[in-house]
Amino acid sequence: MNGSWLQRLTEGLGRTREQLSGQLNVLMRRGPDLDEEFWSELEDALIGADMGVTAVTEIVERLRDSAARRALPDAEAVIDHLAEEIAAELTLDAEDFLETSPVTVLLVGVNGTGKTTTLGKIAKQASDAGRRVLLGSADTFRAAADEQLAIWSERAGVPVVRGERGTDPAAVAFDTLARARETGADLVLIDTAGRLHTKTDLMEELAKVRRVVERESEAPVRVLMVLDATTGQNGLVQAKRFDETLGLDGIALTKLDGTAKGGIALAVVRELGVPVLRIGVGEGVDDLRPFVAAEFARALVGR
Amino acid sequence: MFQNLSDRLKQVFDKLSGRGRLSEADVDAAMREIRMALLEADVNFRVVKEFVARVRERCLGAEVTASLTPGQTVVKIVLDELTDLMGGTESRLVLSGRIPAVIMVVGLQGSGKTTATAKLANLLRKQGRSPLMVAADVYRPAAIDQLEALGRELDVPVYRGAEGEDPVRIAKAGVKEAVARMRDTVIVDTAGRLHVDEQMMEEAALIKAAVKPDQVLLVVDSMTGQDAVNVASAFAERVDFDGVVLTKLDGDSRGGAALSVKAVTGKPVKFASLGEKTDSLEPFHPDRMARRILGMGDVVSLIEKAQEVADETELKEAGERLRKAEFTLDDFLIQLRQVRKMGSLSDVLAMLPGAKGLKAIRESDIDERALDRTTAIITSMTAKERAKPQVINGSRRERIARGSGATVQEVNQLLAQFAQAKKLLKQFQGGKGKRPRGMGFPGLGGPF
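Each protein sequence line maps, in turn, to chains A and B. For the first sequence, position 279 (counting from the first letter as 1) is numbered 278 according to numbering that gives the first Met the number 0, and the numbering increases by one without interruption. For the second sequence, position 65 (counting from the first letter as 1) is numbered 64 according to numbering that gives the first Met the number 0, and the numbering increases by one without interruption.
Keep in mind that the hints were calculated from the coordinates and are not lab data. Be careful, since some hints might not be right.
In silico lysine to any residue, SDA-like type, Cα no more than 25 Å apart, as pairs [claimed, not checked]:
hint : chain 1 : residue 1 : chain 2 : residue 2
1    : B       : Lys-211   : B       : Arg-128
2    : A       : Lys-207   : B       : Lys-276
3    : A       : Lys-123   : B       : Val-137
4    : B       : Lys-75    : B       : Gly-60
5    : A       : Lys-198   : B       : Leu-122
6    : B       : Lys-48    : A       : Val-52
7    : B       : Lys-383   : B       : Asn-411
8    : B       : Lys-276   : A       : Phe-140
9    : B       : Lys-48    : A       : Glu-36
10   : B       : Lys-422   : B       : Ile-333
11   : A       : Lys-239   : B       : Leu-370
12   : A       : Lys-123   : B       : Gly-163
13   : A       : Lys-207   : B       : Ile-333
14   : B       : Lys-48    : B       : Glu-236
15   : A       : Lys-123   : A       : Asp-286
16   : B       : Lys-48    : A       : Glu-40
17   : B       : Lys-9     : A       : Lys-239
18   : A       : Lys-198   : B       : Leu-335
Put together the whole structure using the sequences plus the hints.
Here is the structure:
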């Protein structure tokens, strides 16, 4: 698996990616000089990776400063240094709770980020590794959401607790945990309906689900937010709201196999101190992978 | 979260007050702020560059430099240019006279394609057409089930092919089915991928060639960042679409993707999707979007939001009693809940232009919890107590405080304020005194 997701990021991206995303490579090709144009193009490239204009301005300023102080010789050295700095910022001393046992994990996020798919892949991987997995489908809002989860439960060969569409998601969570106690599951994954962080009533509903889970779960409870890598600056607002309402323990960054670079994840880690635990780099089950800060940082700056 | 453009420019131009003409350096300072605002809204950085260059040109003209209020003039120019760039006035869906008319919906997974398909069907049905939806998204688990469930809800038929059938054949058969069932409009929901890939483009192009749609609509998530241009230009090149459906605008993203897509492909946004319900698809308004991108508030949307969440009969009854000065704590509770339904108070206030400049909001010392506490106190009262607060004696106060987790003082405070408000209301009814300015309840602050 070493290096392969990095390869994936570069492979199969085709023409579109070349157009826009290889910018830092273009930067390199224009020569090693650290002139004004270099810095301005570097800024553009990082903004283009969704890192956010405020963060980028700050980072580039710091980089210019250290380029002068440390007498970094050329563009190559600057970009290497940048990748190291970003990797350092992304590295948090946090547990990968998906690997702990037993644990109950609640998956949350806005609509369309790939929550159910991510949950399915986690379930399949854990079940293949011999863990006793139980799924709960507390997305009782979206049409056919529980069918989608049922398909994953079949694929992973793990049981799922479902609720009728329109029923109280907290009740499904309750049933799931009752079942977990009976069967002695050591990894309980509960899917929730996608919701925009601005919907107060839906966020309150989620807080209630969390309270019920907290009360009923024998295992420690963790909240994993699924964040779409194509999300722009609103991603930070989303994460903040979910963190305020539920307390986030980790991020799964999905859809990294496209042309999007997921720079918003850096903003989330910086601002909230919540670690990225998994990245989604493709549609296959194995394409959900552990997050490696150094590799991600390199991909972000185009190395 | 982010500062709006007016406030930013105000800061720039305030420094200049007292001086006469604007210098080129002053204009450049303003341009830097415009650039920041657009980038924070996720407008693609290349689009921003071009846009700022154009605005700068105009701003160096006499219009701005001679203006007594250069800040406002710059804002006006930016708004005008943005609105123009996004297509000026609304762009409508044009269907030919062909029966059945065919609409094809394309986009990435998770953009809201299937939901948008159903919303479109609902909208067209309201306009007197009889749509049929075709589920050609054969790859995503349960996508077809989702469309069928939505179709049942809307009472719009859905055509699904046999298991494992080729999407191009499904699309073609769907059109035939529409003819057989005498439906005059077909909406084809095509398969999305996680990202732009060759296979998806190929398939979409084949479906397009097979059903020859009147309109191809690209669904774009308004929360998309810088990548929006990649997606849009790939689709424009391979499939060529006619317009865009911008989804999830009921969130608080600035939606700069709308601008990027239009600037890069020249295709207009035709619809805005503003909610989870199937009736929340609306024609797109470039002028409103321009204000939103700049963070300048959206009064029209605020009013619409208020209308959307307000339970009309509840409010009518409360209003009736208000007129008769019979306003009870129950009515007050209804109003509190209506306010809550619109989102957090700071969100609601942020939609008002200029509200972000208010000190109270900047420091976000609006006590959201006070609203919740007030709600808790009122819901801990019996029906009788709510209707006739004068019966609330000492022991009742204690019970209410215990029930709501508040202190007796807080209960007292609420009752005193309510009595005060009622008195004001009576004066108002009697024609004496002025209209009460806000009710002075905790958390509600002054009038807004």
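Hints and how they fare:
| no. | hint | result |
| --- | --- | --- |
| 1 | B:Lys-211 x B:Arg-128 | holds, 19 Å |
| 2 | A:Lys-207 x B:Lys-276 | holds, 22 Å |
| 3 | A:Lys-123 x B:Val-137 | holds, 22 Å |
| 4 | B:Lys-75 x B:Gly-60 | holds, 14 Å |
| 5 | A:Lys-198 x B:Leu-122 | holds, 24 Å |
| 6 | B:Lys-48 x A:Val-52 | holds, 14 Å |
| 7 | B:Lys-383 x B:Asn-411 | holds, 17 Å |
| 8 | B:Lys-276 x A:Phe-140 | holds, 11 Å |
| 9 | B:Lys-48 x A:Glu-36 | holds, 14 Å |
| 10 | B:Lys-422 x B:Ile-333 | holds, 20 Å |
| 11 | A:Lys-239 x B:Leu-370 | holds, 21 Å |
| 12 | A:Lys-123 x B:Gly-163 | holds, 24 Å |
| 13 | A:Lys-207 x B:Ile-333 | holds, 22 Å |
| 14 | B:Lys-48 x B:Glu-236 | holds, 23 Å |
| 15 | A:Lys-123 x A:Asp-286 | holds, 12 Å |
| 16 | B:Lys-48 x A:Glu-40 | holds, 12 Å |
| 17 | B:Lys-9 x A:Lys-239 | violated, 28 Å |
| 18 | A:Lys-198 x B:Leu-335 | holds, 16 Å |
Hint violations for this structure: number 17 only, all remaining hints satisfied.
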